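So you can see what is in the structure, the chains are spelled out below.
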Amino acid sequence: MNSVKYHIFCSPKKGSKKTEYEDAFSPLYSVGYSSNIIRLAIADGATESSFSKEWADILVDHFSQDEKFDLRNTDYLSLLSTQWGGNIKNDDLPWYAQSKLKHGAHVAFLGITVALDKQKVIAIAVGDCCFFIIRDNKLISAFPLVDASQFNNTPDLIASDKGQNITLPKKIINFETDIQQGDLLLMASDAFSAWFLSEVKKNNKPWNFIKEIYDDDLRVQEKKRLYKNWLQIFGYWDKEIAESKAEDYFIQKVFNDGNSLADEKMDWLFKNWIFSNWLENLRNTGLLKNDDVSLLCFEIK
Amino acid sequence: MAYSAEINRKQPTCFLFVIDQSGSMVDNLADGKSKAWHVANKINGLLQNLVSRCSKSDGIRDYFYIGVIGYGQDSKVVSAFEGNLSGKELIPISEIADNPLEFREIEQMIDDGNFKQKQTSKFPVWINPIADGSTPMCEAFTLVNQVIDNWLKQNSNCFPPIVIHITDGESTDGDPSSKMAQLRNMSSSDGNVLLFNVHLSSANSTNPLFFPSNDNNLPDSYANLLYNNSSLLTPYMIETAQKEHGINCDTNARGFVYNGDLDTLIKALDIGSRVDIK
Numbered sequence: 001m002n003s004v005k006y007h008i009f010c011s012p013k014k015g016s017k018k019t020e021y022e023d024a025f026s027p028l029y030s031v032g033y034s035s036n037i038i039r040l041a042i043a044d045g046a047t048e049s050s051f052s053k054e055w056a057d058i059l060v061d062h063f064s065q066d067e068k069f070d071l072r073n074t075d076y077l078s079l080l081s082t083q084w085g086g087n088i089k090n091d092d093l094p095w096y097a098q099s100k101l102k103h104g105a106h107v108a109f110l111g112i113t114v115a116l117d118k119q120k121v122i123a124i125a126v127g128d129c130c131f132f133i134i135r136d137n138k139l140i141s142a143f144p145l146v147d148a149s150q151f152n153n154t155p156d157l158i159a160s161d162k163g164q165n166i167t168l169p170k171k172i173i174n175f176e177t178d179i180q181q182g183d184l185l186l187m188a189s190d191a192f193s194a195w196f197l198s199e200v201k202k203n204n205k206p207w208n209f210i211k212e213i214y215d216d217d218l219r220v221q222e223k224k225r226l227y228k229n230w231l232q233i234f235g236y237w238d239k240e241i242a243e244s245k246a247e248d249y250f251i252q253k254v255f256n257d258g259n260s261l262a263d264e265k266m267d268w269l270f271k272n273w274i275f276s277n278w279l280e281n282l283r284n285t286g287l288l289k290n291d292d293v294s295l296l297c298f299e300i301k
Numbered sequence: 302m303a304y305s306a307e308i309n310r311k312q313p314t315c316f317l318f319v320i321d322q323s324g325s326m327v328d329n330l331a332d333g334k335s336k337a338w339h340v341a342n343k344i345n346g347l348l349q350n351l352v353s354r355c356s357k358s359d360g361i362r363d364y365f366y367i368g369v370i371g372y373g374q375d376s377k378v379v380s381a382f383e384g385n386l387s388g389k390e391l392i393p394i395s396e397i398a399d400n401p402l403e404f405r406e407i408e409q410m411i412d413d414g415n416f417k418q419k420q421t422s423k424f425p426v427w428i429n430p431i432a433d434g435s436t437p438m439c440e441a442f443t444l445v446n447q448v449i450d451n452w453l454k455q456n457s458n459c460f461p462p463i464v465i466h467i468t469d470g471e472s473t474d475g476d477p478s479s480k481m482a483q484l485r486n487m488s489s490s491d492g493n494v495l496l497f498n499v500h501l502s503s504a505n506s507t508n509p510l511f512f513p514s515n516d517n518n519l520p521d522s523y524a525n526l527l528y529n530n531s532s533l534l535t536p537y538m539i540e541t542a543q544k545e546h547g548i549n550c551d552t553n554a555r556g557f558v559y560n561g562d563l564d565t566l567i568k569a570l571d572i573g574s575r576v577d578i579k
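Chains as they are written, first to last, in our numbering: chain A, 1 to 301; chain B, 302 to 579.
Hints in this document: simulated from the structure, not taken from any laboratory.
All values derive from a computational prediction rather than experimental measurement.
Since no wrong hints were added, every one of them can be taken at face value.
Pulled a few chain B residues facing chain A out of the computed Cβ check, cut under 7 Å:
no.	residue
1	307
2	309
3	311
4	352
5	353
6	354
7	356
8	358
9	398
10	577
Glycine included, C-beta positions come from ideal geometry on N, C-alpha and C.
Using the sequences plus the hints, can you model the full thing?
In structure tokens:
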């Protein structure tokens, strides 16, 4: 079986706190290295919905863990919706939150199932979270959207309210293709996906810089220099400080298993810091729309 | 590109509703309820909608500052807010959310496709209907211009303020054209202030003029005045009109309604208050 590498990047919208981040994604432990079947998902909560983060989490968790996950099954979706409603303490909410709760939550969703032994990937999407396959340094697949011009303010969404999902079956898009050793699979929420496709249209290869950030084998000297800067900014990290960073909101989302080592978490924080600084430049220049960013990188070695 | 500034907590935008509360607003629309009643009802509904748009699981995000200016009663121009918000001219949406004047119960008939049943719901109220006095429109826009000018001094890069003016008659304190033009000439770095004029008819009028693109069918000089002082709709508003109301407006469509009825009032308020907060 091939070996795989899985990395996650996440960055909240500029001006928002980490706890206001409304994307959800399969955490690192989703990739079990002894498994031939790997299920990963990403979801983007709609800004104007309430409790959409909670709905995104439920959809992603269930897709990652349940092979019977079925968006076309209204009973299955009803169960998820009941779980969503049950997680919210309605009586504690002020009048406007109670009123908005009745409209439900809405998310865009993308899930992929990778069958390593069969060398296939199956994807399912509602909305504008996108999936890309890079092979031999070229983008060979983009799904469900293929051009930056296709992104807009009204993507298809999965609602937490059954009554709003009557037309959902028409919004579900499926995709299946072969994968090979050496392929890089990316899953990203809409703002990053739109930027990514616009870069590819200019004949750029944005995946190379992304790989340089998370791949420990690449550009070691540059990373060492950056790491020195990071230590100067944040202070020397000993194990105790690193343990305390387990409180970090993103650490909890990314690792989510309570077992990861402090060194792994420090390493992730450092790489995400590089990624976040790079994103900030893109946002400041207007190339990247200011929105939450989630980027999952899955490499078949 | 104009009208594309991001709307967020650090860079909010503002809505200012300017409502005619003169004596003629006591006249009824086709359903037998007064124009004043409908305007107050729809503004309350719109405020509730704006609160809802800003509501997240962790509280209200102050994307918007809101004001409601009434003119007419005692020939004065004042904030139409009452209770804790009395006298306040432009306030963050969170303050509106936390300070409704009261909650009123309304009975509605709910039809879920299988059977109909009456349901009582509670709705927040911030302003009451008033129909009394003259129509000091010039004085109203003097205050509006001050409020917006002060806002822009502190928020120079904001998505431009939107002013929605609702009236049923002509000004009694002179020609407001210069004041309206002055308002429309104010701007942030993202574009000029938007002024939309919604004129309501009496119960017997027909053929409302809705978001026209030219002045070809304007019935009188007063319609001309309001049309010439109404801003163009933004692309997002035009998209909303088409997608959600099935109304096709071209790029020259102005935020202007003449001889409007209840239906056009609802649509005008909905479309005129649409901004993208993603």
